[in-house]
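> Per my numbering, residue 104 is the first one in the sequence shown, and the count goes up by one each step.
Treat the hints as calculated values from the structure; they're not laboratory data.
All of these numbers come straight from a predicted model, not from anything done at the bench.
C-beta: ideal position from N, C-alpha, C; glycine also.
Keep in mind that the hints are not guaranteed to be accurate.
[To be verified] Cβ-Cβ distance ranges computed for the label pairs, FRET-style:
id	residue 1	residue 2	range
1	Arg111	His328	13 to 23 Å
2	Phe168	Ser213	41 to 51 Å
3	Leu115	Ser213	41 to 51 Å
4	Ser177	Gln207	22 to 32 Å
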Amino acid sequence: MTLSPEQRIRELLSSIRNKRARVVIEHILEHGYITTEQLEKDYGYNHPPRAARDVREVGIPLETFRVKSSDGRSIAAYRFGDLSKIRKERLQGRIAIPKQFKKQLYELASGKCAICSGDFEELYLQVDHRIPYEVSGDTNSGNWDVKDYMLLCGSCNRAKSWSCEHCENWINERLPQVCQGCYWANPENYFHIALREVRRIDILWNEEEIRVYEELKERAQKGQHRLPEYVKMILRKYLGDV
Numbered sequence: 104m105t106l107s108p109e110q111r112i113r114e115l116l117s118s119i120r121n122k123r124a125r126v127v128i129e130h131i132l133e134h135g136y137i138t139t140e141q142l143e144k145d146y147g148y149n150h151p152p153r154a155a156r157d158v159r160e161v162g163i164p165l166e167t168f169r170v171k172s173s174d175g176r177s178i179a180a181y182r183f184g185d186l187s188k189i190r191k192e193r194l195q196g197r198i199a200i201p202k203q204f205k206k207q208l209y210e211l212a213s214g215k216c217a218i219c220s221g222d223f224e225e226l227y228l229q230v231d232h233r234i235p236y237e238v239s240g241d242t243n244s245g246n247w248d249v250k251d252y253m254l255l256c257g258s259c260n261r262a263k264s265w266s267c268e269h270c271e272n273w274i275n276e277r278l279p280q281v282c283q284g285c286y287w288a289n290p291e292n293y294f295h296i297a298l299r300e301v302r303r304i305d306i307l308w309n310e311e312e313i314r315v316y317e318e319l320k321e322r323a324q325k326g327q328h329r330l331p332e333y334v335k336m337i338l339r340k341y342l343g344d345v
């Protein structure tokens, strides 16, 4: 007997260890979709996209669409995507990252976030796959290679997640070689950001550097410039490109 897509997912549920992913899947099975409002109010998930990402990470495809919230706002909702693309090898979830491996990454990075170069205690940096897990999975099979991972602060990790999840390669093709040339995988040597031909600098101002930031901000406001544009003006002037 051929199982329906819903029956296939129900059959696979027992293999999924990620509790948050199970909650989302079970809700969609019962109601057809789940909204960000329901994820927050009914289940207490303060970052709904993270819950949806958990489902995708265990190999169940989801698609995002828009619905009206209880107060009439346009909000995101999630339902199953093409279930012929279920990736059974993902059902057990991610391989746990050894503490010693994170410590090794921390020492190699000198305690800095790979994106903004901010200095953080080890506790506040998160181990992240250079190429998104959703694209390549845990291909190392337990053979941890520091070249495949990076440490990110919470802010940069969220920015990377948002950008990757809206990238055409992440949504459709999922080609690791495309990700390798992206800023979010190799911020020091990249050709695109989520397939857009742009360049980016993330700067974090620490401690005594904050006074420099405040001075830049004040001068930008006096000249009625947005701060990023004002910094570009200074750089062009310094480089003689004015």
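> Decide, hint by hint, whether the structure agrees.
Results of checking the hints against the structure:
no.	hint	result
1	Arg111 with His328: 13 to 23 Å	56 Å, violated
2	Phe168 with Ser213: 41 to 51 Å	43 Å, holds
3	Leu115 with Ser213: 41 to 51 Å	43 Å, holds
4	Ser177 with Gln207: 22 to 32 Å	45 Å, violated
Of the numbered hints stated above, those contradicted by the structure are hints 1, 4, listed in ascending order.
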